[in-house]
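Colleague: Here's the letter readout for the chains.
Number of protein chains: 2
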Amino acid sequence: MCQLLGMSANTPTDIRFSFSGLRVRGGERGPHRDGYGLCLYRQRGVQAFHDFLPASQSDLAVLLERLPIKADVALGHIRQANVGVVSLVNTHPFIREWRGRYWSFAHNGQFRGSKGLPQTYYTPVGTTDSEAGFCWIMNQLRALARPPGEKRLCTLLHQFFQDLDTRGIFNAMLTDGDRFFTYCSKSLYWITRRAPFGQAKLVDRDMMVDFSRETTPRDVVTLIATEPLTEDEAWTAMQPGELILWKNGEIVWRGV
Amino acid sequence: MCQLLGMSANTPTDIRFSFSGLRVRGGERGPHRDGYGLCLYRQRGVQAFHDFLPASQSDLAVLLERLPIKADVALGHIRQANVGVVSLVNTHPFIREWRGRYWSFAHNGQFRGSKGLPQTYYTPVGTTDSEAGFCWIMNQLRALARPPGEKRLCTLLHQFFQDLDTRGIFNAMLTDGDRFFTYCSKSLYWITRRAPFGQAKLVDRDMMVDFSRETTPRDVVTLIATEPLTEDEAWTAMQPGELILWKNGEIVWRGV
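Protein sequences, first through last, are from chains A and B. Here our numbering is used: the first residue of the first sequence is 1, the next is one more, and so on. Here our numbering is used: the first residue of the second sequence is 1, the next is one more, and so on.
Keep in mind the hints are simulated off the structure, nothing from the lab. Predicted model, so just to flag it, every value in this text is computed and none were measured. It cannot be assumed that every hint is accurate.
[As the list claims (entries may be wrong)] Cβ-Cβ distance ranges computed for the label pairs, FRET-style:
id, chain 1, residue 1, chain 2, residue 2, range
1, A, V203, B, E65, 32 to 38 Å
2, A, Q43, B, V62, 20 to 26 Å
3, A, A195, B, G113, 47 to 53 Å
4, A, I169, B, R213, 46 to 52 Å
Even for Gly, the Cβ is constructed at its ideal location relative to N, Cα and C.
Next up, chain A with everything else stripped away, as it sits in the complex:
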């Protein structure tokens, strides 16, 4: 099993505090030793970081923790390999372009029948069930006679995610840098931080942050993760089978 981390915010926000917590689960405090990845979006452009080394030991991850990059949307993943060898090509998030946007995807769990999924426009590069699932979803969107509106896109994605979920476990995150979709199979938690901002301490490391010093009163920042990352905030559990679409840190669609 892997761990997921997502962020949707209404202002460019530094993800380092949360990433610091996730990172130590990659081989130090957790078994997720098989690589990690982080996509940071800024105005639809994406900075992607991938490594097949444990996030807790990787030089790149150490450097990332020091890098003051702010993002509108972030998608992170640390991997415990089950399907597919430890390798750069099997490291989430996976990225494909559709309709002039970079879509990235990460998955936690595993599911049956990924080899049998029909692929058309997009082809997996690696050998994970996750990337096969992602390509299959994007291929079905591409095959539509006309591009779906947002509501229809939500309904379709909900259906595709649930489809794969019936074959195993399929916690997933998908984003185009503006819209952020989170689907809960077994375990996803979220928290929305807004004024008045407080303090929080990481579960996994002896690190604290006072958000009131880092934000303006108008900021809205939502974090979504496999397990709560902080110990003194009230995280909300998503329901099994639930899809939420986030935009600018707010819920704009949800369905179970």
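Chain B: place on chain A using the hints.
Modeller: Chain B in isolation, oriented as in the chain A frame:
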């Protein structure tokens, strides 16, 4: 005008020495202040780094210089914006998946008529002529009735590159992590390092490396750049209109 850097090697090779030379041309010793990018391939997986800040000042570039990542193939670019604003979406290399491989592309120069190029499968995310040219090339390859063999691929790419070259200046590099294509419009130089290895000093910085200490006698490493990066080695100029396909550091196809 921008600057390009490519590497094709028969063994995973550290690109940091060359990147150090290129980097200072990004705003310190050159006018290429408008972002930079570097794709490092390892077994068809790709680690991509993009930033819209000057390479000479960017925190990420400073960190990259310290990162001991070895690659089979590398593609780097520093940008001086002419078409398209300074932004992450306009930062080379651009990446698309085709037939289960990540293809990345970078361009130096500018050309007319990029807005009028017909796009089908792949759509530009940003607003550069370069990305439009890349998508147009990949769209034509995708539209073929059957996937081309390697010789046919070379002939076709040569034709597409020359086509865009007649509209302006089109020095370009394209790779799938195995095959490395370089096309010279006005300025590209290459050097192949093999045993017996010597020393080299960067043109742009007071840095030296003794390759004999970093290599084995079987290593073959080719560097290709807009201008020679070292001052005590004999770089070969590519001819205008010439395409070379490199594999494992060796020339496997060339045509003018």
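Colleague: Taking the beta carbons of V203(A) and E65(B), is their distance inside 32 to 38 Å?
Modeller: 34 Å, holds
Colleague: Just tell me: holds or violated, for the beta carbon distance of I169(A) and R213(B) against 46 to 52 Å?
Modeller: Holds, since I169(A) and R213(B) (Cβ atoms, about 49 Å apart) stay within the stated range.
Colleague: Quick check on a hinted range of 20 to 26 Å for Q43(A) and V62(B), using CB atoms only.
Modeller: 23 Å, holds
Colleague: Given a hinted range of 47 to 53 Å, is it respected by the beta-carbon distance of A195(A) and G113(B)?
Modeller: The hint (47 to 53 Å, Cβ to Cβ) holds, given that A195(A) and G113(B) are roughly 50 Å apart.
Checked against the numbered hints given earlier, the structure satisfies every one of them.
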